[in-house]
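J.: Chain by chain, the residues:
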Amino acid sequence: GNSVTQMEGPVTLSEEAFLTINCTYTATGYPSLFWYVQYPGEGLQLLLKATKADDKGSNKGFEATYRKETTSFHLEKGSVQVSDSAVYFCALLDNNAGNMLTFGGGTRLMVKP
Amino acid sequence: NAGVTQTPKFQVLKTGQSMTLQCAQDMNHNSMYWYRQDPGMGLRLIYYSASEGTTDKGEVPNGYNVSRLNKREFSLRLESAAPSQTSVYFCASRLSGGHEQYFGPGTRLTVT
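Those protein sequences? They're chains A and B, same order as listed.
Mapped onto my numbering, the consecutive letters of the first sequence carry residue numbers 1 to 113.
Mapped onto my numbering, the consecutive letters of the second sequence carry residue numbers 114 to 225.
A hint or two may mislead.
Computed beta-carbon distance windows for the label pairs [as the list claims (entries may be wrong)]:
(1) S83(A) / F123(B): 18 to 28 Å
(2) T5(A) / R221(B): 19 to 29 Å
(3) K68(A) / N175(B): 14 to 24 Å
(4) G9(A) / R221(B): 34 to 44 Å
(5) N178(B) / A17(A): 22 to 32 Å
(6) Q45(A) / E165(B): 36 to 46 Å
(7) N178(B) / K112(A): 41 to 51 Å
(8) P113(A) / R190(B): 23 to 33 Å
To give a feel for the contact side, a few chain B residues facing chain A, derived at Cβ under 10 Å [what the hints assert, rightly or not]:
(9) V117
(10) R157
(11) V173
(12) N175
(13) Y177
(14) F203
(15) C204
(16) Q214
(17) Y215
Source of the hints: derived by calculation from the structure; they are not laboratory data.
From the three backbone atoms N, C-alpha and C, an ideal C-beta is built for every residue, glycine too.
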């Protein structure tokens, strides 16, 4: 079956530091890949997505590249802000499995001023 | 548009009690989903409805039932709550052909 593995948190950074959150996946086909963000007390929001190999998703300064050869979709940001503190979830959508999302366990990011 | 709404926001139940979690979306989406979120486990799919009139089991359906009342509403029922069902429950919806799922704010359920 499909699975998504993320680095465990929490990740604690100072403001303006570089962020990387690792995500690797296992899937039988050619899934679409996503990063969702959950701010405290809220539901999940789509942060970025990539639908095929070598695509780069980007939004709000965050980027992630779909790497089929390493089955990875690592999230990066060059300079984090306190307002980026949240839980980040990597997910895959298997179009051949009822369009169901499979989520990683989530990584909590805390950014200190 | 309100997007995806869920009621209640918080609920405490005793073991064996029943309750229904309500979800509604006003985006004319065909597909709707119920997830539970537990620490360190991400979100796990309980049930989904690909279209009005259909429902299917997800990864963790035991102990739950669902009803797709109409295109807007998708409810989740716990017939006899157990402490293992203590969790945060999220409803989501998706437009057919689209990739993005839109999530509600969640219901925090505690079963004692």
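J.: Hints first: check each against the structure and report whether it holds.
T.: Okay, the hints, checked on the actual structure:
1. Between S83(A) and F123(B), the C-beta spacing of about 26 Å keeps the proposed range 18 to 28 Å intact.
2. Distance hint for T5(A) and R221(B): a CB-CB separation of about 26 Å, consistent with the stated range 19 to 29 Å.
3. At roughly 35 Å, the beta-carbon separation of K68(A) and N175(B) lies outside the given 14 to 24 Å, and the hint is violated.
4. Separation of G9(A) from R221(B) is about 21 Å and departs from the stated range, judged on CB atoms against 34 to 44 Å.
5. Between N178(B) and A17(A) the Cβ separation comes to about 47 Å, which falls outside the hinted range of 22 to 32 Å.
6. Taking 36 to 46 Å as the suggested C-beta distance range, the pair Q45(A) and E165(B) does not conform, at roughly 26 Å.
7. Checking the proposed 41 to 51 Å range against N178(B) and K112(A) shows it holds: the Cβ atoms sit about 45 Å from each other.
8. Restraint check, P113(A) to R190(B): a C-beta distance of roughly 45 Å breaks the suggested window 23 to 33 Å.
9. With its C-beta approaching chain A no nearer than about 7 Å, V117(B) sits inside the 10 Å limit, and its interface hint holds.
10. The restraint placing R157(B) at the interface with chain A holds, with a minimum CB-CB distance near 8 Å, inside the 10 Å limit.
11. Evaluation of the V173(B) hint against chain A yields a violated restraint, the C-beta minimum of about 12 Å exceeding 10 Å.
12. At its closest, the beta carbon of N175(B) sits 17 Å from a beta carbon of chain A; the interface hint therefore is violated under the 10 Å criterion.
13. Using the Cβ-Cβ criterion of 10 Å, the hint placing Y177(B) at the interface with chain A is not satisfied: the shortest such distance is roughly 16 Å.
14. With a cut of 10 Å, the hint placing F203(B) at the interface with chain A holds, because the nearest CB-to-CB distance is about 6 Å.
15. Among the interface hints, the one on C204(B) holds; its C-beta lies about 9 Å from the nearest C-beta in chain A, closer than the 10 Å criterion.
16. Against a cut-off of 10 Å between C-beta atoms, the interface hint on Q214(B) holds, since the closest Cβ of chain A lies about 6 Å away.
17. Taking 10 Å as the C-beta cut-off, the interface hint given for Y215(B) holds, the closest approach to chain A being about 8 Å.
Violated hints, in rising order: 3, 4, 5, 6, 8, 11, 12 and 13; the structure is consistent with all others.
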